[in-house]
Amino acid sequence: MKRFPRGIRAFSRFAAVAVVACAALQASLAWAQRAAAPASPGAISEEREIEIGEEYVGALLMQAKLLDNDAVQEYVNQVGRWLTSNTERPDLPWQFGVMNANETGAYPIPGGKVIVTKGMLRRLNSESELAGVLAHEIAHVVRKHQLQNAAPDRIGAINAPLDPAMEFEADRMALVIMSRAGYDASAFVAMLRNLQGGGDAGLQLLAATHPPLQQRIAQIEPLLAKLPKADRNKGRERFQKVRSALNR
Amino acid sequence: LSTSVKEYENSHTSGAYATDFLRFFRKKQMKNIALNQWIALGFMALLLAAASLDVAAQERSSTSRQSDLKAAPAANARTLTSLPLNTEILIIGRDGGWVRVRAGGQDGWIPSSNLKQNVTVIEQSAPTGGFLSWFSSVLRTDRPQVTARRAQTATIGIRGMDDGSVTVAKLNPEELQRLKLYGLSRNDAEEFARSGELAAQDIAYLDANGQPESRTR
Numbered sequence: 001m002k003r004f005p006r007g008i009r010a011f012s013r014f015a016a017v018a019v020v021a022c023a024a025l026q027a028s029l030a031w032a033q034r035a036a037a038p039a040s041p042g043a044i045s046e047e048r049e050i051e052i053g054e055e056y057v058g059a060l061l062m063q064a065k066l067l068d069n070d071a072v073q074e075y076v077n078q079v080g081r082w083l084t085s086n087t088e089r090p091d092l093p094w095q096f097g098v099m100n101a102n103e104t105g106a107y108p109i110p111g112g113k114v115i116v117t118k119g120m121l122r123r124l125n126s127e128s129e130l131a132g133v134l135a136h137e138i139a140h141v142v143r144k145h146q147l148q149n150a151a152p153d154r155i156g157a158i159n160a161p162l163d164p165a166m167e168f169e170a171d172r173m174a175l176v177i178m179s180r181a182g183y184d185a186s187a188f189v190a191m192l193r194n195l196q197g198g199g200d201a202g203l204q205l206l207a208a209t210h211p212p213l214q215q216r217i218a219q220i221e222p223l224l225a226k227l228p229k230a231d232r233n234k235g236r237e238r239f240q241k242v243r244s245a246l247n248r
Numbered sequence: 001l002s003t004s005v006k007e008y009e010n011s012h013t014s015g016a017y018a019t020d021f022l023r024f025f026r027k028k029q030m031k032n033i034a035l036n037q038w039i040a041l042g043f044m045a046l047l048l049a050a051a052s053l054d055v056a057a058q059e060r061s062s063t064s065r066q067s068d069l070k071a072a073p074a075a076n077a078r079t080l081t082s083l084p085l086n087t088e089i090l091i092i093g094r095d096g097g098w099v100r101v102r103a104g105g106q107d108g109w110i111p112s113s114n115l116k117q118n119v120t121v122i123e124q125s126a127p128t129g130g131f132l133s134w135f136s137s138v139l140r141t142d143r144p145q146v147t148a149r150r151a152q153t154a155t156i157g158i159r160g161m162d163d164g165s166v167t168v169a170k171l172n173p174e175e176l177q178r179l180k181l182y183g184l185s186r187n188d189a190e191e192f193a194r195s196g197e198l199a200a201q202d203i204a205y206l207d208a209n210g211q212p213e214s215r216t217r
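Which chain is which? The protein sequence lines are E and W, in order. According to the numbering used here, the stretch in the first sequence is residues 1 to 248, in order. According to the numbering used here, the stretch in the second sequence is residues 1 to 217, in order.
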């Protein structure tokens, strides 16, 4: 049996120490990782949440760009930002965007963004109804519903349909957020009816990812009696201005 | 001369004897040292092997069309091979609209749009059996999952807006930037509310029975 050369001997001693150190490090890292693993959504930092959201919205906006109308974008941001000021997360970097797409859709984005489609805006009859759509998505963001998936860091997980219980919760929260912000919560039910009666065109996504509209209406309608009434036509003029800009 | 010869003889014989003795002695010792070193090396190899037997979530998918496997995430990168439709691949990384995959023992990049939309995420340990797997289970901290195999289906990309189907998308940094520019401050929103006659009220969330949630804002 040949003796190892001096270099190898020195190396093997070094390597033995290094390997043991590495193994210890790996074990402790694995432990730390498990400790940091987002078993609950609270474990994801707000910074990371915003980062995930930016990644997601950047991909979403590959499908269709933002509508090229600053007045419309500003208006949706005004209504949306005011709603968020009446939630538990008023200081997220909230941003709202109207996507230039004819389908009916609205997207909550982790970390404080909400995208609605032009097609959705066209189906709405008032600022209160717009507030209803935005408040529902805001509720998902406030309660971090999308981050309660098994693998919240994966974009696909953000994209997965949410648990029906979360949709019902977001509906109930939307009513309250609207009321807090001075809107009449019954406009939310009117908006759902409106979507239901507006025909199926462009509604496939909503149907594929949400509980049936009839069920949602049945769940929340009894709650309206608990909330203050308000003028359902608040902001009528500014809403009409935006609506007519969309039809041009 | 005679003294130098004597010296030579002396030194030669004694030197030769000494060297021979040393050689003899070392040979005996060397066996032990070498054996120790072999054991140490073997132990290190075992440690390394065990440490690398980590439970990792693997993302698997397959190609949705015939696709060139590129050496880098760029259309003009060298083509390593061509993957036929339905080639099973392991996802090992992502970069923009490109996915780094392992297929047939080769690593390379394909456009994410050439991947099937359903990605299976498999969390599994590498079962080797015997001492090694016991050893790795000692090293690992998430022991209960040693033989557990969990599969779930996740998706990459973004849901299609029309029908809920999924399409894989790249990122659009310009639009993201635009979106950020539209964002308003809390003060902006308060000003809007004042001019729009929207007064804030303190109301608790309601549970499914219409009762106020204990958690208030």
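Calculated from the structure, these hints are not laboratory results. Each hint should be verified, as a subset may be incorrect.
Claimed, not checked - One side of the interface only, derived from the structure: several residues of chain W facing chain E at Cβ under 8 Å:
# : residue
1 : P173
2 : I203
3 : G210
4 : S214
As the list claims (entries may be wrong) - Derived DSSO-like pairs (lysine-lysine); straight-line CA-CA distance at most 27 Å:
#  : chain 1 : residue 1 : chain 2 : residue 2
5  : E       : K65       : W       : K180
6  : E       : K65       : E       : K118
7  : E       : K226      : E       : K144
8  : W       : K116      : E       : K65
9  : W       : K180      : E       : K144
10 : E       : K118      : W       : K70
11 : E       : K241      : E       : K226
12 : W       : K116      : E       : K241
Predicted model, so just to flag it, every value in this text is computed and none were measured. Just so you know, even glycine gets a beta-carbon here, dropped at the ideal spot from N, CA and C.
Inset, instruction - Tell me if W:S214 is really an interface residue toward chain E, meaning its C-beta lies closer than 8 Å to one of theirs. - result: Result: violated, 14 Å to nearest chain E Cβ.
Inset, instruction - Please verify that hint: W:G210, Cβ, nearest Cβ of chain E, below 8 Å or not. - result: At about 5 Å, which falls below the 8 Å cut-off, the nearest Cβ of chain E leaves the hint on W:G210 intact, so it holds.
Legend entry - When the least beta-carbon distance from W:I203 to chain E is tested against 8 Å, hint result: Holds, because the Cβ-Cβ distance from W:I203 to chain E comes to roughly 5 Å (cut-off 8 Å).
Inset, instruction - With a cut-off of 27 Å on the C-alpha distance, tell me whether E:K65 and E:K118 pass. - result: 11 Å, holds
Legend entry - Given pair status - E:K226, E:K241, alpha carbons within 27 Å: 32 Å, violated
Inset, instruction - Please verify that hint: W:P173, Cβ, nearest Cβ of chain E, below 8 Å or not. - result: Constraint on W:P173 satisfied, holds at 6 Å.
Inset, instruction - For the pair supplied as a hint, E:K118 and W:K70, confirm whether the alpha-carbon distance does not exceed 27 Å. - result: Violated, at roughly 39 Å.
Inset, instruction - Mind checking the alpha carbons of W:K116 and E:K65 for me, to see if they're no more than 27 Å apart? - result: Distance ~25 Å between W:K116 and E:K65 Cα, so the pair holds.
Inset, instruction - Mind checking the alpha carbons of W:K180 and E:K144 for me, to see if they're no more than 27 Å apart? - result: 20 Å, holds
Inset, instruction - Below or equal to 27 Å on CA atoms is what counts here, so check E:K226 against E:K144. - result: Satisfied, since the Cα-Cα distance of roughly 26 Å is no more than 27 Å.
Inset, instruction - Would you check the hint for E:K65 and W:K180, treating anything up to 27 Å between C-alpha atoms as holding? - result: Holds, at roughly 14 Å.
Inset, instruction - Quickly compare the C-alpha distance for W:K116 and E:K241 to 27 Å and report which way the hint goes. - result: 44 Å, violated
Of the numbered hints stated above, those contradicted by the structure are hints 4, 10, 11 and 12, listed in ascending order.
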